[in-house]
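Turn these sequences into a full structure, and let the hints steer you where they fit.
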Amino acid sequence: MRALLPPMIAVVPLHPSLPFSFALLALATTHPAAAEDLFADGESVPQILTATRLKQSPAAVPGSVTLLDRQLIESSGARSVPELMRLVPGMMVGYLSGNQGMVNYHGSSVSEARRMQVLIDGRSVYRAGLATVDWADIPVALEDIDRIEVFRGPNTVSYGANALMGVINIITRSPSESIGTRLKVTRGKRGVNDWYASQGFNWQDGDMRLSLSGLRDDGFDHDDEGNDFRDSTRANRFNLSTTHRLDAQQTLDWQLAAKEGTNQRPYNYEPVFDRLIPGGIAPGDNNSDVVARDYAGSMRWTFDMNPRHSLYVQGAAQHWDRNQEWVACDAALAFSPQLAELWSLNPVLTKRVFRLRPLPAGTTPREAELAQQVLQQMQEQVTTQQPAVCGDVNQNIRETRYDLELQDTYSVTDSLRLLSGAGYRREEVASETYFGGKLNNDILRTFAHLEWTIDPHWILQGGAMLENDRNSGESLTPRLAVNYLITPSHGLRAVYSEAVRTPDMAENNLDLRYEVSNLSPSVNGQNSAYYFSRVTGTGGLKEEHMRSRELGYNGLFSNLGLSIDLKLFREDVSDMISEAFTSDGYTPSNANSMSFQGAELQADWRLSASDRVRLTYAYVDQTATEDRDLRLSARNSGSAAWMREWAHGWSSSVIYYGADALNERRFERLDLRLAKRVRLGSANLQIAGVLQQRLDDEALTWKENLYDDRQQFYLSAELGF
Amino acid sequence: MRPSSRTSLLSATLACVAMLLVLALRGADAAEIILSAQDAPAVRQFTAALAAQRPEDQVRFVPIGELAIGTLPPPTTRLILIGEDALVWRLKTAIESPTLIMRVNRLEARRWLNGQRPENVTLLWNDPPLDRQLKLLRLLLPHVRRVGVLFDADSQHLLEPLRQAAAPLQLEIVAREWPNPRDSRPLLELLNDSDVLLGFEAPSLYNPLTAKSLLLTSYARQRALIGPNAPFVRAGSLSSTYSDQDDWLQSLDELLDQPPASWPRALYPTHFKVLSNPQVARALGIALDDDAELARRLAAGEHSR
Numbered sequence: 001m002r003a004l005l006p007p008m009i010a011v012v013p014l015h016p017s018l019p020f021s022f023a024l025l026a027l028a029t030t031h032p033a034a035a036e037d038l039f040a041d042g043e044s045v046p047q048i049l050t051a052t053r054l055k056q057s058p059a060a061v062p063g064s065v066t067l068l069d070r071q072l073i074e075s076s077g078a079r080s081v082p083e084l085m086r087l088v089p090g091m092m093v094g095y096l097s098g099n100q101g102m103v104n105y106h107g108s109s110v111s112e113a114r115r116m117q118v119l120i121d122g123r124s125v126y127r128a129g130l131a132t133v134d135w136a137d138i139p140v141a142l143e144d145i146d147r148i149e150v151f152r153g154p155n156t157v158s159y160g161a162n163a164l165m166g167v168i169n170i171i172t173r174s175p176s177e178s179i180g181t182r183l184k185v186t187r188g189k190r191g192v193n194d195w196y197a198s199q200g201f202n203w204q205d206g207d208m209r210l211s212l213s214g215l216r217d218d219g220f221d222h223d224d225e226g227n228d229f230r231d232s233t234r235a236n237r238f239n240l241s242t243t244h245r246l247d248a249q250q251t252l253d254w255q256l257a258a259k260e261g262t263n264q265r266p267y268n269y270e271p272v273f274d275r276l277i278p279g280g281i282a283p284g285d286n287n288s289d290v291v292a293r294d295y296a297g298s299m300r301w302t303f304d305m306n307p308r309h310s311l312y313v314q315g316a317a318q319h320w321d322r323n324q325e326w327v328a329c330d331a332a333l334a335f336s337p338q339l340a341e342l343w344s345l346n347p348v349l350t351k352r353v354f355r356l357r358p359l360p361a362g363t364t365p366r367e368a369e370l371a372q373q374v375l376q377q378m379q380e381q382v383t384t385q386q387p388a389v390c391g392d393v394n395q396n397i398r399e400t401r402y403d404l405e406l407q408d409t410y411s412v413t414d415s416l417r418l419l420s421g422a423g424y425r426r427e428e429v430a431s432e433t434y435f436g437g438k439l440n441n442d443i444l445r446t447f448a449h450l451e452w453t454i455d456p457h458w459i460l461q462g463g464a465m466l467e468n469d470r471n472s473g474e475s476l477t478p479r480l481a482v483n484y485l486i487t488p489s490h491g492l493r494a495v496y497s498e499a500v501r502t503p504d505m506a507e508n509n510l511d512l513r514y515e516v517s518n519l520s521p522s523v524n525g526q527n528s529a530y531y532f533s534r535v536t537g538t539g540g541l542k543e544e545h546m547r548s549r550e551l552g553y554n555g556l557f558s559n560l561g562l563s564i565d566l567k568l569f570r571e572d573v574s575d576m577i578s579e580a581f582t583s584d585g586y587t588p589s590n591a592n593s594m595s596f597q598g599a600e601l602q603a604d605w606r607l608s609a610s611d612r613v614r615l616t617y618a619y620v621d622q623t624a625t626e627d628r629d630l631r632l633s634a635r636n637s638g639s640a641a642w643m644r645e646w647a648h649g650w651s652s653s654v655i656y657y658g659a660d661a662l663n664e665r666r667f668e669r670l671d672l673r674l675a676k677r678v679r680l681g682s683a684n685l686q687i688a689g690v691l692q693q694r695l696d697d698e699a700l701t702w703k704e705n706l707y708d709d710r711q712q713f714y715l716s717a718e719l720g721f
Numbered sequence: 001m002r003p004s005s006r007t008s009l010l011s012a013t014l015a016c017v018a019m020l021l022v023l024a025l026r027g028a029d030a031a032e033i034i035l036s037a038q039d040a041p042a043v044r045q046f047t048a049a050l051a052a053q054r055p056e057d058q059v060r061f062v063p064i065g066e067l068a069i070g071t072l073p074p075p076t077t078r079l080i081l082i083g084e085d086a087l088v089w090r091l092k093t094a095i096e097s098p099t100l101i102m103r104v105n106r107l108e109a110r111r112w113l114n115g116q117r118p119e120n121v122t123l124l125w126n127d128p129p130l131d132r133q134l135k136l137l138r139l140l141l142p143h144v145r146r147v148g149v150l151f152d153a154d155s156q157h158l159l160e161p162l163r164q165a166a167a168p169l170q171l172e173i174v175a176r177e178w179p180n181p182r183d184s185r186p187l188l189e190l191l192n193d194s195d196v197l198l199g200f201e202a203p204s205l206y207n208p209l210t211a212k213s214l215l216l217t218s219y220a221r222q223r224a225l226i227g228p229n230a231p232f233v234r235a236g237s238l239s240s241t242y243s244d245q246d247d248w249l250q251s252l253d254e255l256l257d258q259p260p261a262s263w264p265r266a267l268y269p270t271h272f273k274v275l276s277n278p279q280v281a282r283a284l285g286i287a288l289d290d291d292a293e294l295a296r297r298l299a300a301g302e303h304s305r
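Protein chains in written order, with the working numbering: chain A, 1 to 721; chain B, 1 to 305.
Read the hints as simulated data drawn from the structure, not as lab findings. Each hint should be verified, as a subset may be incorrect.
[What the hints assert, rightly or not] Just a few of them, taken from the derived set where beta-carbon distance is under 7 Å, the chain B residues facing chain A: (1) Arg-146; (2) Ala-153; (3) Asp-154; (4) Ala-211; (5) Gly-236; (6) Val-280.
[What the hints assert, rightly or not] Covered stretches of chain A, going by a simulated chain B footprint (3 or more residues, C-beta under 8 Å): (7) 83-93; (8) 173-182.
Glycine residues also receive a C-beta, built at the ideal position from the N, C-alpha and C atoms.
Put into structure tokens, the structure is as follows:
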């Protein structure tokens with residue numbers, strides 16, 4: 001749970017000379033610590049809100065932060081984190097299918113979201129091998145989330161490489177705030193069927209929360225040809241979160257999380273040699289669903305040495321297990337070694353051979369020889385009329401990450417705080433299909449961040465991270481911010497930061513080939529063989545680089561209850577890896593780049609004790625060298641929400657979401673939530689209904705993502721006692 | 001800095017005149033004052049300070065144990081008792097001496113008094129007065145409306161006076177019972193329904209054991225806590241009024257100048273200070289005036305009544 005702390009550059013020596021330190025310590029006397037006084041000094045209370053626990057006020061934060069608090073999360077009626085991200089200015093949300101949400105900050109490709117860090121209580125859920133976040137699989141229930149802090153902008157100093165565009169920091173409810181029992185069920189259209197149960201209890205020196213939850217829905221109803229869309233989600237989750245207060249200074253927190261479920265995928269293998277077999281080749285299966293299991297465990301020891309100095313050590317282990325298996329059928333020819341060799345030499349030529357086209361000029365003698373053999377094999381297939389061969393194919397992958405991090409917070413004086421630390425991460429991936437076996441990586445990281453309140457108006461914050469990635473080399477990323485506080489609650493900021501993203505294992509080491517097992521009938525006397533196509537990465541990729549400049553204003557008008565954050569930005573990503581892999585091949589490079597500039601606004605207005613209005617808007621002007629990177633980026637997007645507490649336990653919220661073009665499709669939706677809270681003795685019952693009305697008539701993100709109608713409705717009942 | 005000889009001569013003369021005037025006015029009242037409490041250096045030091053403040057009176061210290069077994073002082077002697085033990089002793093001892101009882105808070109005293117109103121006893125409350133705390137809250141946070149208050153069975157009776165004090169300041173009191181401080185649900189609900197918390201000195205609610213969850217939970221929701229007392233401000237509360245030894249000496253001095261018959265049954269010190277936590281204020285983005293200035297403005301408001 002790293003707090004959204006400061007990122008910056010070490011402008012003051014990290015190991016100041018002695019006289020300098022003494023001078024700073026001398027300034028450190030704060031509270032008028034009176035001599036013993038018969039009346040004013042009652043029972044002594046330990047200092048709780050120490051310099052190490054206090055963070056900057058919103059106006060003094062060195063960057064742009066959106067806080068989604070519990071009220072907002074609940075009022076939105078959202079069932080998943082990506083839907084909540086629509087409340088964050090500049091976040092672009094899309095869907096590949098019903099169970100494949102994509103979230104990008106400002107934009108880029110619609111099929112990959114690999115430039116944002118996502119953390120649950122300080123543990124990254126960004127996959128170790130195939131850099132992405134499986135939103136449908138992250139092992140956390142929305143009901144367990146206390147708040148989500150979204151850092152809009154690069155912040156590798158605090159969060160490590162890959163926090164390139166932004167950071168989504170999910171913070172779960174503390175076990176001490178989860179006492180009692182909560183039960184919730186949600187039922188609705190589109191197969192919505194969710195449940196949640198948690199029990200929180202405590203003892204003398206500790207608290208624990210156990211929660212179990214499930215999520216189900218049918219995804220999209222049909223594709224653009226009217227066929228049923230196989231994209232439903234089923235997930236069950238287990239979470240255990242515990243705090244032990246070892247003594248006044250030490251706390252031990254640990255968590256266990258597990259998730260198992262199925263994400264449906266349509267069967268989409270199309271036999272290459274369908275026309276060589278009379279009557280064609282029947283599909284070998286009716287689905288290629290993914291069985292997804294995630295396991296995570298983490299432990300954090302926090303030691304508050306004194307009010308000015310604290311540190312924590314966090315260790316985490318995480319495992320992603322994706323099983324995707326199906327039966328595929330094709331002619332035995334698909335396993336021909338000659339075909340495999342020809343494909344590896346020249347996929348384009350191979351496709352001409354399939355279509356019986358003449359060989360073009362420039363064909364090498366070896367290619368010609370192989371082409372001749374393949375043609376001959378095709379001829380044999382036609383004459384012998386061998387039946388299709390079927391066998392088991394999989395895209396299974398197991399990824400593991402071990403992470404150990406030390407972070408030290410030292411408040412040198414009331415106006416100077418140093419945050420520093422080091423971390424080690426080991427990443428392992430095992431997949432016969434993707435990598436032909438196992439791969440691993442070791443990453444070492446050290447960082448320091450300094451926060452210097454020069455006077456009541458000026459704050460200078462800066463830091464740097466040095467990371468050594470065994471596969472990609474060393475990188476140093478700095479960050480520097482200057483805040484000018486007009487008053488303690490109104491601040492201007494200027495931020496410069498650099499960040500890197502290290503290529504993931506697939507980008508660098510992809511070796512995608514399918515070994516088909518349990519072949520029936522057998523091929524050349526073998527019951528397993530390699531399918532002919534093989535896609536390999538070129539390796540040798542460098543990191544992507546990002547430079548970001550930001551000017552911002554954050555202010556709280558307490559007389560109006562209005563808080564405003566305004567941001568102007570320019571971001572340039574260079575050495576960008578844009579290529580996607582297809583069956584035809586994969587030639588990733590660092591040749592691309594993209595830039596964003598624009599403005600973002602967020603306003604939160606508590607009109608009265610019972611009314612809250614919240615507005616977000618982002619204007620993003622993007623350029624990119626690769627068209628695919630322009631897809632998931634709306635020039636204009638935003639949200640408007642009105643939440644109200646009525647009398648007698650009624651509450652309502654109305655939220656409008658809009659984006660002018662996400663993957664060329666307009667998105668506009670109006671959500672209405674109405675809830676009634678009833679007290680039943682010592683228990684609280686809440687019944688809530690959510691109605692979502694699409695205001696556009698577009699498909700969602702892709703043309704095949706269609707619902708039967710534009711309205712969604714679900715009801716939930718929650719009992720707490 | 002040595003004052004010039006002329007200045008010191010003038011000061012000495014003025015002091016003599018003032019002292020003569022004071023003695024002339026107080027002569028009738030000059031009498032014995034016994035200060036009694038559990039023996040402790042701080043109590044002895046306070047006795048000495050009071051003696052220095054009132055040279056016309058014979059101020060002496062008698063430990064509470066000795067007072068209990070010795071001859072009871074005559075009715076002309078004014079007794080100053082310090083602490084809960086002394087209160088308990090006084091309640092069960094038939095004595096005519098006018099008694100001031102210090103360093104007791106309203107909740108503790110209520111438990112011992114149990115509805116009695118003993119004669120010749122004036123209780124000097126040590127907990128900050130709630131209307132003063134509310135005014136401080138108003139000065140620091142001029143725009144808040146909903147003041148969250150935690151209470152338990154012992155402190156429930158304070159809610160009504162609190163509401164009465166809040167109304168003229170356009171503050172609404174939102175109260176939640178917190179019967180079991182290990183169950184934070186009432187606190188979380190209260191933080192949702194209020195803009196700021198006001199703590200009153202209820203040891204069952206505000207103690208070193210509850211401080212951590214109270215302060216961390218309210219800070220995580222960006223809510224300030226006002227009160228309940230100075231030690232809590234050092235722990236992480238935003239601000240509180242309090243009276244230290246000097247304030248009590250002055251307040252006591254004013255009281256002792258009046259005939260005991262006119263002493264009220266209970267009162268708060270007229271002199272006080274403000275203690276704020278500038279680091280907490282900074283983290284909450286709250287502009288803080290200087291503590292002395294805040295105290296001056298509060299005192300000016302009280303005097304103008």
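A quick look at each hint next to the structure:
{"no.": "1", "hint": "Arg-146", "verdict": "holds (6 Å)"}
{"no.": "2", "hint": "Ala-153", "verdict": "violated (17 Å)"}
{"no.": "3", "hint": "Asp-154", "verdict": "violated (17 Å)"}
{"no.": "4", "hint": "Ala-211", "verdict": "holds (5 Å)"}
{"no.": "5", "hint": "Gly-236", "verdict": "holds (3 Å)"}
{"no.": "6", "hint": "Val-280", "verdict": "holds (5 Å)"}
{"no.": "7", "hint": "83-93", "verdict": "violated (count 0)"}
{"no.": "8", "hint": "173-182", "verdict": "holds (count 4)"}
In summary, the numbered hints that this structure violates are 2, 3 and 7.
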